[in-house]
Every structure is written in C-alpha cells, then in structure tokens.
Amino acid sequence: MRTAEILTSSFVVVGDFNPAIISPDWLEKNDLIGKEDADVAREGSQGRPMLVSHQVAVYETGWFALQVLDTQFSLTSKGAFSPATKDLAAGIFQLVPHTPVTAVGLNFLAHFKLESEDEYNQVGDVLAPKKIWDTLYPDERTGLTDLTIQVQPGIRGEPLETKSEKCISVRPSNKIKYGIFLSYNDHHDLSDEDKIDLKPAELVAGIIDSEWESSWHDALRVFDVLLSMSLEK
Amino acid sequence: MNLPIPTNFPIAPGLLSSTNPVVRRQSEDPKFVPVLKISRSTLPSSNEFLDADSHTMNQGVKNKFEPPMTVDFRAIRADSTPLQIWEGTVIEVDHKASVMHVELNAKIGQIPRHTGEIDLEWVTEQDKDLVNPGAVFYLTLYKRTERGSIQNSQELRFRRRPSWSAEQLDQIDKDAAKLLSKMKALPTSV
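One line per chain: the protein sequences are A and H, in this order.
Heads up: the first sequence at position 70 corresponds to 70 in the working numbering, and the numbers run straight through without jumps.
Heads up: the second sequence at position 106 corresponds to 106 in the working numbering, and the numbers run straight through without jumps.
Simulated from the structure, these hints should not be mistaken for lab results.
As the structure is a prediction and not an experimental result, all values here were calculated from the model.
Don't be surprised by glycine CBs; every beta carbon is placed ideally from N, CA and C.
All clues stand as given, with none of them false.
What follows is a list of derived Cβ distance ranges for each label pair:
1) H:Ser149 with A:Gln152: 37 to 45 angstroms
2) H:Arg113 with A:Pro129: 45 to 53 angstroms
3) A:Asp70 with H:Asn132: 35 to 43 angstroms
4) H:Gly148 with A:Ser228: 26 to 34 angstroms
5) A:Gln46 with H:Leu169: 38 to 46 angstroms
6) H:Asn105 with A:Glu232: 32 to 40 angstroms
7) A:Arg2 with H:Arg161: 27 to 35 angstroms
8) A:Tyr137 with H:Asn152: 39 to 47 angstroms
9) H:Ile172 with A:Glu213: 16 to 24 angstroms
Construct the complete structure from the given sequences, taking the supplied hints into account.
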C-alpha cells in the first residue's frame, strides 16, 4: 500500500455550540487533556494566542488544533497521527450530550509524492480526460485543479435512502512538488439515525467511536487504489 | 436549492458564506446578517484545511474600509505520516526497572498481537498518573519530512476518556434490561 508523505485527520460537527465552554481549562478539568497540553493551549503557539469567547474558541496544542464557532466544531490532528484525537473528539461530545448537532464529518487528508511530472500529469489525465478541453482550447494547457466525487449508498435513479455520503477530492498538492492531495469526507447526517434514546451529541460521540477507524482504513484503501489505478501503464 | 451541510472543512470566522445553509437560516432575520471580516467570496478551497495560502487564493477587490480581522485563519502545520500505530494495553508496571509490560495491537497491516516492554521514560509527565494495568495507549511510529530531511520518530499518548455519568449508567442499565427481556432461555435437552 502506498504511504502518504503527510496524513492528517479532522472532525467537523455541524450544530449549535457554545464556544466559551470548550476551553483548555475545561478539557483539562474533565481529564481529556493533560496539564502540559493545557498549558501549551493557554500560552498559544507560533505567535498565535488562544482565543476563547462566546462567539469563538480557537487554540492548539502539539497534537491537535480546535476551532469552535456557534455553528461549527472542528478538531484537526497535528504532528504524529494518532487515534487519541478520536478519543478527544468523542470525549468532548460525551460531556455535552444535550448540544443540538445535525451532522458529523470524519475527514482524512493526505499528500502523496509522485515520481515525476509525467506521473503527476497522468493522474490528472486519467481522472479527468482532456479530450473535451483540448478541443475547446487546442493551443493552451489544461489541467485538473479540483475534482470531487460523491459516493451515496443505493442505485442511481432511485430515491436516496440516507443523506449520509462520502466525498473524495483530488487536487494538486501545495506542499510537495509533483504531489497529489487527496481528501476523504465521511459525512453522517444525524437525521438518518433512529437511535431516539440517545441525545444528539451522544450519537456523535458514538459515531466517532465506532466509525472512525473503519473510515480511516477505507480512506487509505481509496487513496491507494485511486493512485495505483491512475498510474497503471 | 438545498445545499448539503458541509462537514469536510472548517469555516473561518468571518468567512461565513451565504451558500452555507446554517448561515442562510440565520440571515433570514435581517438583524443577524453575518458580517464579513475578510474580503473573500468563497469558502477555503485550498488543500490544507486552514492553509495560510487560502488567505490569498480567492481574494477579490479589497474594500476601502475593510473591518479588521478579529481571528486569524490559522494554518495547521502537518508534516508527518504514520508508519505504524499500535494500540497498547498496560499489563503490568515495574517501577523498579522503570518499564511497563504491554500488549500491542497493530492498527496498520495484518500483524498479530504481541507483548513487549516499554521504558517509562517514553511516557510524558502528564500521562504518568495514567500508567496502570488496563490503561490503553497509542504508540505512533511516524516519518516527518522537514526542510529536506527525513526523521523517523515515535509518540506515545495515553487514552483519556471522561468517566461515565450517572445518566449514562442509567441508560446502560435500561438498555441491558431491554435486551435481557428479549432473550429466551435455551431449550433444555433431555
């Protein structure tokens, strides 16, 4: 299996939040992070101070960055990729079970290095053939900058069974020369869930707990197959 | 047009787009029209969630009296990839030898479970209290590329989860009782 040069994971939850609650002090008090991490978050890093207010909470430690707005929560891994971010995300929602949330996305982002410019162009040409574009612009260069494929359960033409879906995107990497950036969004719409006994944020914690690892492995499988098949001679 | 709610990228404060259904819902009341703090017309489309490049990628013509940006749209530095991740469980702690005996379960590839010893010096000060039999940790072996040099390193982080609340325990009891009520005794063979 191909190994990415850079791999990160993030959790994006849509709902109505109170950013002021989710401070480093609160995470530390509830044992979700240790004192050293809380100190790093409080002190700020790379010249960027912590900000916690009623409208927004933004801070980071050595292994995660957190941003909470009134309508969106996002937690992104930094440094070494670890399932610890999954535990942190699930732990936060376990502690605020009554928070109204409507959707959760499990995201995986990867930068892959390709051997040459030819390989780099081959991926773009296989995924987005240039026949039409070369006809439209015969004397100019055309290239893929952004491609997103939506994957929904069921058969095309039939009514959708669920609003949950996966979105896989391909772009040129802005970090690696002749690199490809791939992202995988596993979107769970909570209106699909029939576990009415659970509170919305408990549902989110449950989804993060039970689905994150399989999403991670599926993302790696998708990235590998996508690149391998694109680069077949 | 019914747009899906995005869960694949964070919204930058001040960059709330009118195409976002959550924002649109708010903007129905003219009192709560979101204020744009940066002169940008689209949500970030750069390939780093919070990439510094995205500041400039979609900038249009600047307003003369642009309000100050209150929150910096932060770039999250990511420069490593995992080579292997183990989920470990502490079996025993030997404080004299300063090691913990652990069981390791590899998360990448098909590698059988195995046991081993890990020096306690790899445990950060903040996690020292968590080193007890039964505790779960993650050991990541990763590769970092920085300014042309490649480093292999490892990080050990103990699992932290909130304890069960009385409400949650109550719910578990209810669920267990419900499950039990649906169970039937196996017929006894003569």
